[in-house]
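S.K.: Chains as they are written, first to last, in the numbering used here: chain A, 355 to 954; chain R, 355 to 954.
Be careful, since some hints might not be right.
Which chain R residues face chain A? A few, computed with CB under 8 Å, are given here [to be verified]:
1) Glu792
2) Thr807
3) Met822
Keeping only pairs whose Cα atoms sit at most 27 Å apart, straight-line, the calculated DSSO-like set for lysine-lysine is [as the list claims (entries may be wrong)]:
4) R:Lys414 - A:Lys414
5) R:Lys695 - A:Lys580
6) R:Lys580 - A:Lys695
Calculated from the model, a selection of chain A residues having no Cβ within reach of chain R, i.e. all distances over 12 Å [claimed, not checked]:
7) Thr393
8) Arg427
9) Pro744
10) Glu792
11) Gly825
12) Ala837
The hints are simulated quantities; they were obtained by calculation from the structure and are not laboratory data. Every residue gets a Cβ at the ideal spot worked out from N, C-alpha and C, and that includes glycine.
2 protein chains.
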Amino acid sequence: MGVPSLLLSRPDLDFLLHDWLQVEKLTARPRFAAHDRDTFAAVLDLAHDVATEHFAPHRKISDSREPEFDGERVHLPDEVGAALRVLADTGMIGATMDEAVGGMQLPHTVAQACFLWLHAANVGSAAYPFLSVANANLLLAHGSPEQIDTWVRPIVEGRFMGTMCLSEPQAGSSLSDVTTRAEPQPDGTYRLTGTKMWISGGDHELSENIVHLVLARVPGSPPGVKGISLFVVPRFLVAPDGSIGERNDVVLAGLNHKMGYRGTVNTLLNFGEGRHTPGGRAGAVGYLVGEQNRGLAQMFHMMNEARVGVGAGATALGYAGYLHALDYARSRPQGRPVAAKDPAAPQVPIIAHADVKRMLLASKSYVEGALALVLYCARLLDEEQTADDPADRERAHLLLEMLTPVAKSWPAQWCLAANDLAIQVHGGYGYTREYDVEQLYRDNRLNAIHEGTHGIQAIDLLGRKAVMQGGAGLALLAETIAATTGRAARADGLAAEFAGALDAAVARIVAVTATLWAVGDLEVTLANASVYLEAVGHVVVGWLWLEQLLAVGDRTDDLAQGKRAAARFFLRHELPRTGPWLDLLVSADRTTVEMRDAWF
Amino acid sequence: MGVPSLLLSRPDLDFLLHDWLQVEKLTARPRFAAHDRDTFAAVLDLAHDVATEHFAPHRKISDSREPEFDGERVHLPDEVGAALRVLADTGMIGATMDEAVGGMQLPHTVAQACFLWLHAANVGSAAYPFLSVANANLLLAHGSPEQIDTWVRPIVEGRFMGTMCLSEPQAGSSLSDVTTRAEPQPDGTYRLTGTKMWISGGDHELSENIVHLVLARVPGSPPGVKGISLFVVPRFLVAPDGSIGERNDVVLAGLNHKMGYRGTVNTLLNFGEGRHTPGGRAGAVGYLVGEQNRGLAQMFHMMNEARVGVGAGATALGYAGYLHALDYARSRPQGRPVAAKDPAAPQVPIIAHADVKRMLLASKSYVEGALALVLYCARLLDEEQTADDPADRERAHLLLEMLTPVAKSWPAQWCLAANDLAIQVHGGYGYTREYDVEQLYRDNRLNAIHEGTHGIQAIDLLGRKAVMQGGAGLALLAETIAATTGRAARADGLAAEFAGALDAAVARIVAVTATLWAVGDLEVTLANASVYLEAVGHVVVGWLWLEQLLAVGDRTDDLAQGKRAAARFFLRHELPRTGPWLDLLVSADRTTVEMRDAWF
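Pulled out of the complex, with its shape left as it was, chain A reads as follows:
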């Protein structure tokens, strides 16, 4: 597999997938019967190779040569299209989809590991297929057989790409304010008019067609979220025989220029502005997906996957940054041990300095912890969809609901912290664009914003997930962690110490949740929801570090020792941060709520 790619660690992935999550057991289920450990290894090898040979080499190119619009077409570096064609040829776009639509029927856990390679190599280019996969999955879940044939199959083949058109200039976090209008037509189609904002992959020449999934209102629908419907709005209409037809009235109104993620064209799109008139009439032609007014529910049905996907992307970028920093720290001589007296002694590699080891160990605890989290969530998705016992499916669903805001936000926060540390380990070099780590930072900064900001995830966790079904999700999380700490309490010193600290932290979270909800003023209850999200996140990742510690058992190889050291770091340096956060929460602090605009 050539030189180390500095993207992800395959030994770590293998450890998590096999030694910990035991993905091979999934092959006993009918859906995955065609697979075995060898096919899993082969597809992981393939993802690695595509990532290192076709995605990573143009990461910097895409960053410095942003998409350009000449008034007619969007131009991207040639390398982007070339890499996406290679990817399409591997069949990986349909990794988790049914064989019936051209998919590979891989477990989500394995597919997630594959996708992580592409994220780590080049998020700018990876966004095109990932959005297309999300688009296709939404149609697979809610579209008609005809819609699946028309739009999903070409996506799986890599001929079409897809987008998600949710936001509008006045409706970002507040999707209930969507105003794009969909007028029903006598032939059963709709004509859409409106403007969509932040549409990644909204216009380009990378594919024969672009399949927009658009949230819009049919006139007369109720206000708010209950009046939003979902539509397929293609860039080009498609004839019944599948051939590309007339241009639809979806028009590029402008490009956004971002801090990072520059390789992904990000657009403002006008629907039905009148530039094109398909069928000789005004408005962009759209096709209703599923029932009218169910659009937001349909979208949210896939939101868990999309949000865990954001966390996975954040994880991959953080992991790549960590490996770059590690490589640099091993090869850069600078300074001498703090106790050294002889200025003429040779300099040591900076990895010999405790503060550099601290930064690397912190990063390792963040990125490997986040990797465990996103793979665990993928494993829950497999469980939700394929467990033999319906009760197991239901439990997996509930736990995944609970963990989704954490899996979205924690990697976006802490793997970004790893990217920040990677710059710091590189010193002045890391701050230059001659090195890779500053781009990885810039790319990752998006992840705390899109698919629901950190604050939105926090309200989702404390305001909805922690109290849904009478608190069943939180109880299940506590019970699941307790199963781990129960095993750990019977193990060695570090694991037992970790178990004790986690049990105490979980008990406090349960108590804090009750206290906050007893306040009786929703604004105060949710005022510090972000702090709650961060506390739960650190406890969840602490739990997954304990899981990893138990999974290495008494092995003494380097990987096992590294897992042990990182677990110890997380226990000693990270988990205790939750103390003051929980103290603050239990006090139901009103400092922010009582702050007045005029006092800023």
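Since the structure of chain A is provided, determine the placement of chain R on it from the hints.
M.R.: Just chain R, lined up with the frame of chain A:
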């Protein structure tokens, strides 16, 4: 003064300078006798106007049109030179310098406040005069009268600019490894040969000449820091009559391309590569400053000022980010209160959401806390240089020594956090280059790196400052804080509560310092020095928040209420973070020290 500039708050500056630091009292001292409150106000107005009218308007231009080298000359946008000429005409380059060299003899406290406006407006352009000032101050302290006449006066007039040439490719944090060679010549000059790295302002056409201050070794000098001398090496030689002469052999070898701070040309310089042969001989002509082998000591003599200057720059960038976020939060409608039920109700400005108020209040507590810190340090510098009683001067010197690593690092960390929050408050818009906050973040990211990284500051604080003179610096800091908490304990509820928390935290820092130094293994003592630095930083800024709380007294105007709210936020949300940090430190944790390279 036109529309609000979104750079700094003049009311906050006036509060800190007058109500708190009582700078007017300084005018009773002979050095500042020509000044009064009106002259202070006039120069602050002038700084504001230059910043908003001449520096801020090209911030984005400098970011998007980086310095270019065509093989002959470095090209910068015209706006840079124009702004610097305006600044030079104000006389502000010599703000703190003696009238005898053309300076204004302003207190450092007032000059710092002026410089903050320029930092907040455009760090890329501000770097040229600030480096020139640092350069001139070094020559004023250690240069001969002739050197001051030849090099400093033209800098004060804005005709020359200056650089600091310390780092080399193999010698960044480890300056003892400098290898640039200075050969003595029969005429008393030297010829320098070597390569210097990361030289800001190293080559451009903005000034008639560039005065490089260069660390180099005279052959036969001792190894390490004790064999380094300081030289003036001008871009052009200067004739005795002050006229510009022959080109010296200082040659641009390459430009660095940074994540931010793009407006400042950052260079790799070759000295004595043979491109030019001044006087017909090889090597760059240099003039020894002060005594041989005292170069690093001379440089470090000015280091406090330079490091506090970095903290001031970080503060200004964070402050500007905060004001941009505040402005956006007040004007962007999105969503409704969490308890609202009617989806048809109008949207509210996002400042109405508790989580946005939390981000803004956190930012306010960081940037106003940092502003208090850097102004307090400037006030100490005035005290060190002009207090009537030599004992007061000595105390100010000692406290400034102790606070310098904090004043360098804390704003670089937490005002960067404010810049990060400013992006988050803006949501997707903040991640685009169409808005300002992402550039402010990128610009500020440098400040944890240059003039000694965060880790270097940490070792300086725990390894040197906290134990110098038998711990006198730490004792003085504790005593100074105790004087504040003593006053606060007699005040209202919040101040008394704050005082109690601070006293406890200071006592723990003193105890932790003793515990760490009792370990008897320097590597373990210093292993988590960064955590120590962060804990001391939060306690110091907590103390300065308590000072501000006392300074507002029982006022009830908006500024006073805002200070009270931010103080409360810092007490409740921030100060408690130090608990787990100090727990970790007192445990003398060996996790990082025991980590092996192979385990990563």
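S.K.: Work down the list of hints and note, for each, if the structure agrees.
M.R.: Status of each hint after checking the structure:
Below 8 Å, beta-carbon pairs count as interface contacts, and glutamate 792 of chain R has one with chain A at about 4 Å; its hint therefore holds. Annotation: interface hint on threonine 807 of chain R holds; nearest CB of chain A at approximately 6 Å, less than 8 Å. Among the interface hints, the one on methionine 822 of chain R is violated; its C-beta lies about 16 Å from the nearest C-beta in chain A, farther than the 8 Å criterion. Taken as a hint, the lysine 414 of chain R and lysine 414 of chain A pair is honoured in the structure, with Cα atoms around 22 Å apart against an allowance of 27 Å.
Using a Cα cut-off of 27 Å, the hinted pair lysine 695 of chain R and lysine 580 of chain A holds, with the two alpha carbons roughly 13 Å apart. Our distance criterion of 27 Å between C-alpha atoms is met by lysine 580 of chain R and lysine 695 of chain A, whose separation comes to about 13 Å. For threonine 393 of chain A, the condition that its CB be more than 12 Å from all CB atoms of chain R holds, with the nearest at approximately 31 Å. Every C-beta of chain R lies more than 12 Å from that of arginine 427 of chain A, the closest at about 22 Å, which supports listing it as non-interface.
A cut-off of 12 Å between C-beta atoms confirms that proline 744 of chain A is not in contact with chain R; the least separation is 35 Å. At roughly 4 Å, the least C-beta separation between glutamate 792 of chain A and chain R is not larger than 12 Å, which violates its mark as non-interface. Every CB of chain R is more than 12 Å from the CB of glycine 825 of chain A (nearest about 19 Å), matching its label as outside the interface. Once the 12 Å rule is applied to beta carbons, alanine 837 of chain A is consistent with being away from chain R; the minimum gap is 27 Å.
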